[in-house]
Every structure is written in structure tokens, then in C-alpha cells.
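Please model the entire structure based on the sequences and the hints provided.
Line by line, the protein sequences give chains R and W. Its first residue numbered 114, the first sequence is counted upward by one per residue in our numbering. Its first residue numbered 7, the second sequence is counted upward by one per residue in our numbering.
Hints in this document: simulated from the structure, not taken from any laboratory. Honestly, I wouldn't trust all of these hints.
Taking CB as the label site, the calculated pair distances span [said to hold, decoys possible]:
no., chain 1, residue 1, chain 2, residue 2, range
1, R, N394, W, P227, 31 to 39 Å
2, W, K557, R, E153, 48 to 56 Å
3, W, G288, R, I414, 54 to 62 Å
This structure is a prediction, so every number in the text was calculated from the model and none was measured. Backbone N, C-alpha and C fix where the C-beta goes; we use that ideal spot for every residue, glycine too.
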Amino acid sequence: MTTAFLFPGQGSQHPYMLRDLPAHPVITRTLAEASEELNESVAFWDAESELESTVAVQVCLLVSGVASARLLKEEKAFPDFVAGHSVGAFGAAVVAGALDFKDAVRLVRMRGEWMEKAFPKGYGMGVVLGLSEVQLKRLIDVHVTKANPVYLANINCPRQMTIAGAIPDLRRFMELALANGAQRTELLDVSVPSHCPLLHEVSLYLETELQRISFRDPDIPYASNRTARVLKTGEAIKKDLAWNVSHSVRWHEAICLLYELGTRLFVEMLPGNVLMGLVKNAFPTARALSISDNGMKTAAILVHRTRNN
Amino acid sequence: MGMTDITQTDQTNRSWTTRRDAKNRRMNRVMNITGGRVIPTDRIIEVLEEVLVPGDRVVLEGNNQKQASFLSSALAQVNSAKVHDLHMILSSISRPEHLDIFEAGIAEKVDFAYAGPQSLRMAQMIEDKELTMGEIHTYIELYGRLFIDLIPSVALVAADKADRKGNLFTGANTEETPTLVEAAAFRDGIVIAQVNEITDDLPRVDIPGSWIDLVVEADVPYQLEPLFTRDPRHITDIHILLAMMTIRGIYEKHQVQSLNHGIGYNTAAIELLLPTYGESLGLKGKICKHWALNPHPTMIPAIESGWVESIHCFGGEVGMEDYISKRPDVFFTGQDGSLRSNRTLSQLAGQYAVDLFVGSSLQIDSYGNSSTVTKGRLAGFGGAPNMGHDPGGRRHSTPAWLNMINSDEPLVRGKKLVVQVVETHLTGNTPVFVESLDAIDVKKDADLAIAPVMIYGDDVTHIVTEEGIAYLYKAKSLEERREAIAAVAGVTPVGIKHSPRNIDRLRQEGIVAWPEDLGIRRTEANRSLLAAKNVEELVEWSGRLYQPPEKFRSW
Numbered sequence: 114m115t116t117a118f119l120f121p122g123q124g125s126q127h128p129y130m131l132r133d134l135p136a137h138p139v140i141t142r143t144l145a146e147a148s149e150e151l152n153e154s155v156a157f158w159d160a161e162s163e164l165e166s167t168v169a170v171q172v173c174l175l176v177s178g179v180a181s182a183r184l185l186k187e188e189k190a191f192p193d194f195v196a197g198h199s200v201g202a203f204g205a206a207v208v209a210g211a212l213d214f215k216d217a218v219r220l221v222r223m224r225g226e227w228m229e230k231a232f233p234k235g236y237g238m239g240v241v242l243g244l245s246e247v248q249l250k251r252l253i254d255v256h257v258t259k260a261n262p263v264y265l266a267n268i269n270c271p272r273q274m275t276i277a278g279a280i281p282d283l284r285r286f287m288e289l290a291l292a293n294g295a296q297r298t299e300l301l302d303v304s305v306p307s308h309c310p311l312l313h314e315v316s317l318y319l320e321t322e323l324q325r326i327s328f329r330d331p332d333i334p335y336a337s338n339r340t341a342r343v344l345k346t347g348e349a350i351k352k353d354l355a356w357n358v359s360h361s362v363r364w365h366e367a368i369c370l371l372y373e374l375g376t377r378l379f380v381e382m383l384p385g386n387v388l389m390g391l392v393k394n395a396f397p398t399a400r401a402l403s404i405s406d407n408g409m410k411t412a413a414i415l416v417h418r419t420r421n422n
Numbered sequence: 007m008g009m010t011d012i013t014q015t016d017q018t019n020r021s022w023t024t025r026r027d028a029k030n031r032r033m034n035r036v037m038n039i040t041g042g043r044v045i046p047t048d049r050i051i052e053v054l055e056e057v058l059v060p061g062d063r064v065v066l067e068g069n070n071q072k073q074a075s076f077l078s079s080a081l082a083q084v085n086s087a088k089v090h091d092l093h094m095i096l097s098s099i100s101r102p103e104h105l106d107i108f109e110a111g112i113a114e115k116v117d118f119a120y121a122g123p124q125s126l127r128m129a130q131m132i133e134d135k136e137l138t139m140g141e142i143h144t145y146i147e148l149y150g151r152l153f154i155d156l157i158p159s160v161a162l163v164a165a166d167k168a169d170r171k172g173n174l175f176t177g178a179n180t181e182e183t184p185t186l187v188e189a190a191a192f193r194d195g196i197v198i199a200q201v202n203e204i205t206d207d208l209p210r211v212d213i214p215g216s217w218i219d220l221v222v223e224a225d226v227p228y229q230l231e232p233l234f235t236r237d238p239r240h241i242t243d244i245h246i247l248l249a250m251m252t253i254r255g256i257y258e259k260h261q262v263q264s265l266n267h268g269i270g271y272n273t274a275a276i277e278l279l280l281p282t283y284g285e286s287l288g289l290k291g292k293i294c295k296h297w298a299l300n301p302h303p304t305m306i307p308a309i310e311s312g313w314v315e316s317i318h319c320f321g322g323e324v325g326m327e328d329y330i331s332k333r334p335d336v337f338f339t340g341q342d343g344s345l346r347s348n349r350t351l352s353q354l355a356g357q358y359a360v361d362l363f364v365g366s367s368l369q370i371d372s373y374g375n376s377s378t379v380t381k382g383r384l385a386g387f388g389g390a391p392n393m394g395h396d397p398g399g400r401r402h403s404t405p406a407w408l409n410m411i412n413s414d415e416p417l418v419r420g421k422k423l424v425v426q427v428v429e430t431h432l433t434g435n436t437p438v439f440v441e442s443l444d445a446i447d448v449k450k451d452a453d454l455a456i457a458p459v460m461i462y463g464d465d466v467t468h469i470v471t472e473e474g475i476a477y478l479y480k481a482k483s484l485e486e487r488r489e490a491i492a493a494v495a496g497v498t499p500v501g502i503k504h505s506p507r508n509i510d511r512l513r514q515e516g517i518v519a520w521p522e523d524l525g526i527r528r529t530e531a532n533r534s535l536l537a538a539k540n541v542e543e544l545v546e547w548s549g550r551l552y553q554p555p556e557k558f559r560s561w
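The structure is reproduced here in C-alpha cells:
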């Protein structure tokens, strides 16, 4: 049996998420590394007011995810696979050994800035519960026009999808979804229409920037967002990191793949527990836990136990 | 010179022992490692590298229960420069390494029957062209082809015990081992068996040593899944309603005496209702006497109450060993007392020799075609299509079979009862009855020759839902068949779109029956009818002979 470490994306952040990290030299070092790259102390980026910017949110999530994995490493708890949701993929790539942490900090900051610039306001994302991917795609095909596009963004679990587009279009579509069998819809507190072709340019910028950075083949296989495949080369991971922002995150499929590959323990890095919930929902026979709910110690013990089984 | 001379010359020049010679060459290469028939555990990879030749057709034992897990792990570690392009034959693609060998280039093509536990990866690897698809078979077709045009060069199988002469004890989990071995052994293939233990003292011989070339003691026992254990705790009132309707409206009505049950809570509920509800209807000794069935723990109360005369099993079930050995009047057992299962023979029996098959499905279309595939997955069939169809060649008559006759034409014959028991919706409010099966998309996506339909509509005689029973064998036209299905399809696309106006006529003619038509009050359907409500009660029914695996113990 194997273990996967999961790295959360936007939505999992909370104020003081970095200052809440356990007191440990490894955490201090990780924060210092990030601060050095940013030329300012990252420790203050997690204030409530700072987290209104997607730039701060994304950088804090990266720092928190990598810090968690490093702390588990101190406890000799290693993953067999890594996967990150959206921006979480950068943390996964760092822990996989494909990308240096400092390079990741710089890239994620730029990613956030480009995303913010691309869509100053009026755009966002929504969540639709209770429809399958096929049903949702059919609704989009039949009802959505080129002039007012709504895109299927993230497939988080079989009946939980997010959509992206301009706010009025999202609202209209969510009403349509409710009239066609959706159980619940909700506008998300996100200002950027991520994971759809509207962010194509951001991907192009990222790709150019990524070309300057040397990637290594990962020590730990990395489950991708865009293709839901396990990637084993640095080049493939580079491509995933550039293009995931303008493509659907096939999260559920990626988790299914890890399950089929023998993963029975999924550990969600700090902060949050959203990804743990998705695993529990889809795989009652797997064990899913989050460091935020279950603590570092429990996680480490279960990782050891899984390895020895 | 005449034709005869040419033929004679050809005959003199041609060797008729190429297969045997090839086998001898391969076996000679490993003689220095094995000495006799026993491969040292730590040298299995070396032996596989010597014995296997690129392009070989290799049958690797693995089904939904027993897995030759030591051999599959070893195969995944061979050097792909030496061993590559294997054509794998797998009953079930279950373990990660079953597909790792394709990623590593060790294997190239696959024929299989079931891939549920690796169904996403299968679909991805086909899309990525990382493996070549042979066919998706049913169990019986796959076993049959092992003797026709998929004859294995090497068979890798699992047994409980072996002696140094290669005699195998496969015991309760004999399953398909004899079939796989026979196909290789008698056509100069090489048979390697992993065993949990090498001993001079075998409880009995299930497969003789002269069929086996090499044995190896595995470092850990072969993987064995308790797949047929259903905890009664999860049986709902709706399962019980469905079970009551099936017993009353099908088993009793058609006098079903021999049958197969699929794996699932619907059928577990039927099994646990026989000693209670079935008894109250006075049906003991009249129905459900002979079974082609795995040793489901939920059968224990029916067995203990004297309902069951015989059960032939496809495989064993973890924890049922002691119970079975104390009930030889019911189960097939060896002189040592333990169960003898045989998947091939039990599948054949379930196909030809029983009155009825009950299964379930994820999707049923408006004509009764059903499928368990969903988009983006390639899962295959296993054995359900074997048992879930009307074998046209059947000759022997039974009351239930004859009861399906619906005309007075001179050559009319009976029909196997093929029953689908489903709730109209799955969890998450997904409708089961759909306009179009996902299987049609899967055919396109995976470039299959035919859509992967599990059970064809024209084989289905009955559909049972919480709404009622559709007696499809009685429908006089395709349109009437569709009306009958729509009548029990509830609030699903099929139920809404084709809602028949004349349900009363369908009920009067007995093409559709509601629970009340069968004398069943919906309010009666509750868990108090279960002969056992949890695993502990099954243990008690068994006289504490049943020893459930850890994960089913809550006490």
C-alpha cells in the first residue's frame, strides 16, 4: 500500500495560516527561503487583508504545503505519490524533487500577478453540485454561446464541478443548472476565472518563464491536473504547471488513478481539509486525513504504518 | 513426380515437436537454478527472465478473488531488455503491477475479462497507446479461447501448497487454476506455480505434479479478497422490498429451484429473507434448492434452516472455510474436508444448468440493455454475461424454464430467467434508467469492436425496481416491452418520457405488477425481516464456525 501527499489550492487559505504553522526549525527555514526570494517577509502575507489578493493566497498556499511536507520528512514520513490541486501543483512539484522551492515561490508570485492582471473585475467562478460531468458538459454545449462563455473548470468529484466565466453569465448558467437537476449552486469568492481558456495568455507567460528554469525528473511520481496522468519526467511536470491554469483540473480522475495505483492513505498538507473530504467521499475504503484536522504526529505514524503494510 | 512424393518429403523435413523442443530448451536454461522443480524464492526474477521469450503468450492467474501476487510482482521486475512484448491473458486486471508491466515495456497486448479495479488506468493506457487491446471477454469465452487460439506458452498460477514433485493443493480457492494449468501443460507450455508453503504433506492433490513444471514458495501468501461478504448492516428497507417482490413475484410464481445470485445487497437481502419471509409463504423445499454460488456468508441462515440442498462454488470466501468443511452435505468438499471450487465449471453450470440468474446494473436503457461501464472507464464483464443470458442450446426442461413459454407454436422452448434487480436511482440521485448507455461512448473512446453491454435486453426476462416488476418475457412486441420497462422506471428519463397511458392494462395482463398486486405491503418491508442483521448474527447462526475477516468484525 502506498501514500500520497495532497497539496490544496485556492479556497483552503485562512488568515494567519503561516503564523499558525508549528514552531520548528524546518518551518522557520522554509519561511526564510520564501522571504529571501520575495525580498520581503512572507510571514505577513497571511493577514486577512493580504489574502484579498490572489498573489498572497497562492504564495501562502505554496509555502504552507511545502513546509508541511518538509516537517513530515523530518519525521521520516515520505510519500509514494504527490498531487496538488491547481496552485497546489507547484508545492507537489517541489516535494517531488522536480523544482526548487525558491523557483516555485517566484513562479507562483508571477502566476498570481498575471492572473490578477488578466481579469481585473467582473469575472469569477461558481460551483455546481449534483450534476455529472457529462450532464454539465451537455448543458454547456446546448445553452452557452460564444459571446457569453461559461466553462467547466474543475472536476473535483463526480458531482461537484466548478465553472468559470463572467459573473452575470455564471449566474444565468447556475439558474439553468438548478432547473436541470443540480442540487445546489454557489458563486465562489474568487475573482479570477481560472482553469479555462480565458487564461490562455497566463499559460503562455508561465511557459516562457518556466523555460528559464531547470527541472529535474521527480524522485516521487506526480499526478497531473490537466491530464490526470502520473508524470515521471521534469519536462512533463513543467508543461502541467504552465497549462493547468487554463485547463480543467481533473482532480477526481487524478485521485482515482492514485487509488488504482495502490494508494490507500491520502494526507492533505496544511492548510485545510477540502481535499481530504473529496477522497473520503469517493473512496470509502481509503484512509484520508488532513494535517489540519489530525495533526502532524498522527499523519507521520500512519504514513509509516502504510509503508510497512 | 506426383503430389504424394512432395508431401512425403515435407513430412520428413518438418519437425512436429517444435513446441516441445522449445520448452526443453527453456527448461534446460534454468536447470542449474532449480535442480528439480523448486525455484528458490529469491531467484524467481532470474528464472522468469530465462523462461520467458519476447512475444510469449502468458496467462497470469488473477481474478476478483485470488491473485498470483508474488509472480505478478516478480514479472514486473524482469529486465525489459530481455523480456518484452508479452501478450498477457488475465481474467481480471486487478493489481497495479498488472498494468505496470505494460508501462515498463515487458508486455504489449492484453486479453481480459474484467478490469474493475484498474478501469480508469486501462482507459488511459488505451488512449495513450501504452497497450494493445485484444478483446474484453466473458470468463467462459476467455477460458475457452485458452484451448483454441489463445493457448498460453507460459502459465503463472497460485496455489496454497505444493510438494517437491509439483503436486498442488489449491483447496477452497481452486477457482480457475486447473483450467489455466491444463491449457498450458498439455500443449508444451511451461507452468509455474507460486505456493504459500512447500510441504511433503498435502491435504489432497487438486492438480497433479505432472502438469506442473516449477513451483516457488512465495515470500507472502497470495492475495485473497473477501469479495462476497456483504454486511447485513448495510441492507436497507428498499433492498428488503425488492427482495420480497423477487421471492413472491418471481421465485414463487415460476417455481425457481436452481439459481445464481450476483454480489450485492439486493441478493444478500433475498438470502436473508428466505428463512423468514420465504418460510412464512410456505416455500421451503419448493424453491431455491440448488445453487451455483460462492459461499456467501449471508447464505448461512438459509442453509441452517434447511432450505439449501446443494451449492457449487466458483471460488472460496475468506472466513467460511471451517463452516463449509462441517457442511459437506451442502458444499462440494474433498476427502480432506475442505471446499473444492472451480470457476470454469461453476460458470458453465450457472450458464446452462440453473433456472435463474439475478444481477444488478448501473444503467439500463429503454429496451432493457444494461451496462456497468461508465464514461472514461474500461471495466469489462467477468462472469455476469455468461450467467445473465438465455443459452440457446439448452435442452433440459424445468418448471421455471417451461414457465417462460409464451406461445403455442409446435417448436416452442423454454427460457432461462434473467432478472435485473435495481433501484431506479443510484446514490447521488443518478438515474439507472437512461435513454442511452454510456457503453456507446466507451465503444467510441476505446475503439472497441462492439459496445460493452453487460446483459442484452432480449435476454432479460424480468426487471424489479421499488416501483414494481416488469415481466418482460410476456411482452408481445418491442413497444410493449418498452412500456413495461417505463412503468417500473420511476422518475427517470425513461420513466418520464415513455410513461405508458395504459398501466392498468399492463397490470391486468400481468406484464407489470406493483407490490400490492403481489400481496406485499410496502410498510412490511423492513429490517426486522432479516434472518441476521449483522455479521455477528451470521457468526451465531453458523454455530461460531464462520470466522469473518477483521474488517467485518465490529465486536
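Right, here's what the structure says about each hint:
At about 33 Å, the beta-carbon gap between N394(R) and P227(W) stays in the expected band of 31 to 39 Å. For the pair K557(W) and E153(R), the beta carbons lie near 52 Å from each other, so the given range of 48 to 56 Å is met. Between G288(W) and I414(R) the Cβ separation comes to about 57 Å, which falls inside the hinted range of 54 to 62 Å.
The earlier numbered hints are all upheld by this structure, with none contradicted.
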